[in-house]
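Chemist: The residues making up each chain are set out below.
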Amino acid sequence: MNNSLPEGLAAKFAEAKVRLHEKERKSKQHIERANLRDEVQFKATHGLLVVFFLWIIALHAIGLFLFTRGFLLTRLVLEQQSQCEISSIGGVVNSMTDLTLRRKHGCWHPKTFDKAVIVVIDALRFDFTVPYEARDNASEPHYFHNAFTVLSEVAASEPNNAILFPFIADPPTTTLQRLKGLTTGTLPTFIDAGSNFAGSEIDEDNLIAQLRRQGKRIAFLGDDTWVALFGKHFEQNLTHPYDSLNVWDLHTVDNGVNEHIFPLLEQKESKKWDVLIGHYLGVDHAGHRYGPDHPAMSNKLKQMDGVVRNLIEAIDSKTLLIVMGDHGMDPKGDHGGESQGEIEAALWMYSKKGIFGKYPGRAASVANPRPVAQIDIVPTLALLLGVPIPYNNLGAPIAEAFVGPDSDNWENLVQVNRITGAQIRRYQQAYAVARKEEVDGDSIASTYWIRGESKYNTLLAGGVPHADAEHWSSIFHDFSAFQEENLRVCRNLWARFDLVSMSAGCLVLAGSIAILAVYARGISGGRVEITGLFLQCIGIGMSVGALTAYVTGFVVSTKLSRTNTALLGTALGSMAGFACALVYIKWRLLPLWPTSVWGALAALFTVSHALLFASNSFTIWEDIVLNFFLATFGIGALVHSQRQSDLTARALGAYHSLVFLILVRVASLSKLCREEQMPYCVSTFYASATTSVSAPYSLSLLLLMAIALPSVIKSFYKGTKSYEGPASFWIGFSFRIGLVLNAVYWIMDAADNGEWLSIDERLLKATKMFVSQLILAMGFVVGQVGFAWAQVCLGIELSSKQGKKAPLEQNPTSKKISSDSGGSVVLLGYSNLHGTRFLLLVITWALPLILLQKPLGGISMGILLWQILNVLEIIDCNELNDSAIGPVVLGLLGNAHFFSTGHQATLPSIQWETAFIPFTTIVYPWSPLLIILNSVGPQILTALSVPLIALWKKQPKQCGMLSCVMVCIATFILYHTVVATSAAACAGWLRRHLMLHKIFSPRFMLGGVVLLVVDIVVSLVSLGALRWNFMAVAEVFGYQY
Amino acid sequence: MPHRTTNIAGLSPILLTHLHPLALLTSYFLQFPSLVASPPSTLFSSVFPLTMIQVAYAVLCLDNAALPHGHSTSTTEKKSKSGSLRPKKADSASSGGIAGHILPISLSLLLTTTLFTSLITILLFLFGAPFTTHHSHTILTATHISLLIAFPLIYVHKLDSQKWSEILSFTLPLDEVFAATVGGMIGSWCGAVPIPLDWDEPWQKWPCTILTGAYLGYVVGKFMGMYVVKGKKLVF
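The listed protein sequences correspond, in order, to chains E and D. Counting from 1 along the first sequence, just add 11 to a position and that's the residue number in the numbering used here. Counting from 1 along the second sequence, just add 1 to a position and that's the residue number in the numbering used here.
To be clear, the hints were calculated from the coordinates, so they are not data collected in a lab. Beta carbons are placed, not taken as given, at the ideal position from N, Cα and C, and that holds for glycine. It cannot be assumed that every hint is accurate.
Okay, the calculated beta carbon distance ranges per label pair [stated by the list, open to error]:
1) E:Pro-602 to D:Ser-35: 46 to 56 Å
2) E:Pro-602 to D:Leu-12: 29 to 39 Å
3) D:His-19 to E:Asn-503: 42 to 52 Å
4) E:Val-618 to D:Val-48: 49 to 59 Å
5) E:Pro-939 to D:Trp-165: 54 to 64 Å
6) E:Val-618 to D:Phe-33: 24 to 34 Å
7) D:Val-48 to E:Ala-719: 36 to 46 Å
Okay, the calculated bits of chain D under chain E, using three or more residues with CB under 8 Å as the criterion [to be verified]:
8) 124-130
9) 192-198
10) 221-234
Build the full structure now, drawing on both the sequences and the hints.
Modeler: Set out below in C-alpha cells:
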C-alpha cells in the first residue's frame, strides 16, 4: 500500500501530464481551427464585396453600351452593286455581245483611259505640295516647304496635262476611314473610327470591286490596310503589302513600293495589270515620329518628289497618273481629327493626253485652287476608266477632267453629271426602302434634279434650236446642285441619333450614380455585413428584370432591339432590387447632402467638374479648371491643418499641403495644348510645337527622378518607422533600379531618334526593347507575385533595459510588448501596417506606367505618386479618412495628370507610339492594352491608391477597416461615374452642336474609357490586392477587418 | 468700454463704414474701362487712390474703440495676457490724433505691400496665373487684393500672433473686417470662372475678372460681416 501512494501519484501525474498535453494540443488545434475559420470567413466576405463591385461594373458597361449604341452614328450598309449592263440613266443591255462591247468602250459612259496608276502618299498635306509664300518677311519656310515641288511645277507648266487640287477629307481622318471613303464614295460614320487597328473587309460596292468585275487586273504595293479591305480583288502575284502600323519605321514601306513599282511600269511588265495602286507611308510616319517641321520630313518629301518625277517619265499616254494624300496632319504630325491641316490633303491628276480643262465659270488659278471632296474621286475614276459608278457613291465627277482641254465640252460634262446624279437617286430610293421610309419627292434636291432633267430632255428633243453654252451650263449647275444638296442632306441624315437607346443608357448611368451615392455616403455603420443582403436582393431583382424585359421584347415591339431591351431590363431590375434592400435597413439611411465643409467641397468639385461638359469652352480648358480645384483643396488643407491642436499634426499638415500645392503647379507646367486652346496656350510637352520629339532636358529629369523619387517615398515610410521588411528592397533597390532602367530606355530612344550614336541601329533597337520588356516584367509579373507573397513592413527591436521604456512609449508609431522578465519587443512600423504594405502595390504599378509615358509624362507620373502620398498625409493629419474629399481629390489628381502627361480629350492626341515601346510590331491584345495604359495611366495609378485613404496610418487591430475601404472605393467610383455620365449626357444633349465631334464626342469617349478602366482597376486590382494585404497582416496579428 | 460714436474727423464711423464700399466700387467701376484697355498701367495708377480709401477707412472706422463689437473687450483681455506692446500703442493712437496714426498706418502699409503682396502673388500663381508672361499684371493684382483684404486686417490686429494664427486657420470670429477679407478671397476665387468662356469679351482678359470678383466679394463680405454672420465662426 505504501508504494501504492507514490504509484498512484505517479499515475495521476502521468495522467495529468497527458491531459495537459492533450489540452495544449487541443487548444493549439482550436487556435488553428479558429484561424482557418477566420481566414475562410474573410475570404468569403471579401469575395462578396468584389461581386458587388462587379455588379457596378456591369451597370456601367450596360449604360455606356446603350448610350454608345444610340450616340455614335450608324449608317445602313446596302448590299446592292452597280452593274455594267444596267446604266443609271436607263438603257439595259440584253445581249452578251453588247455587254462585251460596252465593257470594252466603257460601261455607262465612254472611257478616257485604259489604265491608271494611283499613288497614295499617306498624310500628304496640301501645303507640302505648293510653293512656299512668306506671309511676312520674318517667317522662314519650314522643313516641309519647297521639298515636294513637282506637282505644282507640272500643273503650272502643263495645265492641260496636270491639275492639282486641295483634296478635302471627311473626318475622322484615319487611313482606314479614308480608304473606305476614297473607294466607296460614302460618308464615314463615327463608329468606325476606333477600328483602324483591325481593318475588316468592305462589304459595300466600291471602286476596286467594280474594276475587278469589269475585268481590270489590279496590282497593289504598300500599306497592308488595303489588303485587309480589298485583298481578294488584287492580282496575287502582283501584290506586295507591308506592315502599316510601325510608325517608327520611315523607310521599309516606301523602299518596298519603289522596289516593285518601277519594274511594273516597264514595257513588258505593264501588260500584266490595268490598275496599279501604290501606297507610300513614309511621310505619315515621319509626321508621327518627328512632326512635319523636321529634316526627316524634308528628306522624305524630296524622295517622294523623285518618285513622282520618275513616274511621269515611265507612263504612256493611255495611262492616267493620280497622286493623292488620304488626309493631312496637324502641326505635330498626327491626324484623326477635323482641323484644317488634317482634312486638307492634295490631289494631283496627270496624263499625257491633255484632257484637263477649267471649271465652268471659274478662272483657273494656281494661287487659289478649287477644293475637291475626296469622295469625288470615285465617280471621276469610274467614268474615266469606264466602269460603273459604285452603287452608294455620293460624290460628283470632277468637272475639270470631263470638260475638255478647251473647257467647252458641255455635252460630256452634263452627261457625266447626269449619270452620277441618276445613280445617287437610285441609291437614295434603295436606302429609303431599306429603312422602310417614304421617298421624299418634294425635297430641294429633287427639285433641282427634276428641273435639270426637264431642261435636258427639252434639249435632246430639239426644243432648243441653238443650244448655247449658257443653256448647257444651267443644266450642269442643276445637276451639280442636286448632288451638293443631296450630300448635305445625307450628312444630316447620318447624324441621326437613336434617342431611345441614348436615354436608356443615361438612365442606367444615372441609376448607378444614385446607388453609389447611397452606398458610399448614405448608410451609417459598416458596409461589410450588409453586402450579402444587397447581393441577394440585387440577384432577385436582376432575374425578375431580365425575364420581364425578355418576355416584353417578344410581346411588345419596342424601339430597342431585343437584346438591348433585355440588357436594360437586367440593369433596371437589379437597381430596383438594391432599392428594395434599402428598405430592410432604412433606419440606417442618412441624408445625402454634405454635412461638413469638406463634404461640401467634394460635392462642389464633383458637380462642377461634371457641369464643365455643358460648355465647349470649359471642356476645352478642363486642364486648368482641374488644377484650380486641386489648388483649392491644397489651400483648404493648409487652413484646416492650422486648426489641429496637435502641433506635429499642424506642422505636418502645413508641410504636405504646401508641397502638394507646389507640385500641382509644377505638374501643370507640362502640357500639350489642343487646337482650340490656341493662341492662349503654349505646349511644353514636346521639344517644340511642330514635333513629337521630347526635349533633351526631360531625359536628365528622368535620371533625377530615379535618384530622388525612391528617397521621397522612403521618407513617408520613415515617419512611422515602417522602412522595414520588404520596404527597403522594394523601394530603395528594385524601384530605383527600375527607374534607372526607365531613364536608360528613354535615353536610348532619344539616341535612336536623333541618331546620336554611331552604333548599329539594330543593336540599339534590340537593347531598347529588352530594357523596356524587362521593366514591364518587373512591374507586371515579378512585382505582382512579390506583392502577393510579401510580408508586412514590420521591424522588431528587442530591448531588455527598462530605461528605454520612456522614449518608446512617447512614440506612437511603434507598439511595445513587454514580457514578465522585463525584456520587451518593439514592433517598428506597427501604426501604418496596412498602408505601407499596400503602397508597395502602387509603387509596383507606377514603374511600368512611368515607362509607358513619354519622358515628361513619366516625370508627371512621378510627381503624381508624390502628390498621392501628400494627400494621404493630409487626410491623416486632418482626420478626414471618412470624408468624401480624399477619394474625390484622388480622382481629380488622376484626371489632371491625364493632361500633364501630354494627353487631351481629342483623337489625335492618343499616343499610338506607346504600342512600340516593348514590341517592334503590333501584337494583339497587348498593343491596344499598352495604349490604354498610356492614355489613362494617371487615373489607373490613383485608382490603385484609393484604399490607402482608409488604410494609411491606421492600426491593424482597428474594426471596420474593410468597410472604410469600401466607402472610399465607392466614393471614388461615384466621382468618375458622375463625370462620365455628365460627359455622355452633355454630348447627347448637344448632339446638334457644331463642335460635337471635335469636343463633346471625344470627351464622352474619354469619360467612358476612364470609367470602365477605373472600375476594373479599383474593383479587381485594388480590392483584390486587399485580400493579400489582410492575409499578410493576419499572419502576424490575426484577422480583424 | 464706452461706445464712442465719433472719431478724429468728428464723423460717425457707422455712416463712414457704409460709405466705404460705395467709394471702393465707384472708383473701381469708373476706372474699369481703362483697366480692360490696359491692365498694368491702370492697376499701377489706381494703387494710390485705393490706398487712400483704405487708409481713410482704417483711420476713420477701424480704431479699436470704433469697432462696434461686443468682443472687443475679450480681445483686450487676451492682449493683456499675451503682453504684446502694439495693441497698447494702438489704443494710445486712437486718442492721439492724426499723428498717432501715422506709425501704425505706415507699418501696416509696409506689411501689405511687401509680405502680403508676395503671398497673394504666390497664391495667384498656385491657382494658375500665367507663369512666364503677364508678371506685372499678376503682381499689381496681388497688390490690389492685399490692399483690399489684408490691409484693414493688419491695421486692426497688428502683429498679434494669437490673432494671426486664428486668422490663418479661419477660426477668428467673423466681424466686418474679417468677413470682408473672406468675402474678397471667395470673390476672387469665383472671379476665375468666366475666364475660359469663349465670349471674346475684352474684360475676360487677365486679371479683370479676378479683381472684379475681389471687389464685389469684399463688399458683400463686409455687409455680411456687419449684419448676417457677425460673431460667428467658420466651421469645417
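Chemist: Is the distance from the Cβ of Pro-602 (chain E) to the Cβ of Ser-35 (chain D) consistent with 46 to 56 Å?
Modeler: holds, 50 Å
Chemist: Using the Cβ atoms, figure out if Val-48 (chain D) sits within 36 to 46 Å of Ala-719 (chain E).
Modeler: holds, 42 Å
Chemist: With respect to the beta-carbon atoms only, verify the hint that Pro-939 (chain E) and Trp-165 (chain D) lie 54 to 64 Å apart.
Modeler: Holds, at about 56 Å.
Chemist: Is the coverage entry for the stretch 124-130 of chain D by chain E consistent with the three-residue Cβ rule at 8 Å?
Modeler: With 5 residues in contact (Cβ-Cβ under 8 Å with chain E), the coverage given for the stretch 124-130 of chain D holds.
Chemist: With 24 to 34 Å as the target window, see if Val-618 (chain E) and Phe-33 (chain D) comply at their CB atoms.
Modeler: Given a distance of about 31 Å, which is inside 24 to 34 Å, the answer is holds.
Chemist: Does the Cβ pair Pro-602 (chain E), Leu-12 (chain D) satisfy 29 to 39 Å?
Modeler: violated, 50 Å
Chemist: Please test the hint of 42 to 52 Å on the beta carbon pair from His-19 (chain D) and Asn-503 (chain E).
Modeler: Violated - the Cβ-Cβ distance for His-19 (chain D) and Asn-503 (chain E), about 60 Å, lies outside 42 to 52 Å.
Chemist: Mind taking a look at whether chain E covers the stretch 221-234 of chain D? Criterion is 3 or more residues with CB to CB distance under 8 Å.
Modeler: Per the Cβ count (0), the hint is violated.
Chemist: Verify this for me: three or more residues of the stretch 192-198 of chain D with a beta carbon less than 8 Å from a beta carbon of chain E.
Modeler: holds (count 3)
Chemist: For the pair Val-618 (chain E) and Val-48 (chain D), does the Cβ-Cβ distance stay inside 49 to 59 Å?
Modeler: Check failed, 38 Å falls outside 49 to 59 Å.
The earlier numbered hints that this structure contradicts are 2, 3, 4 and 10.
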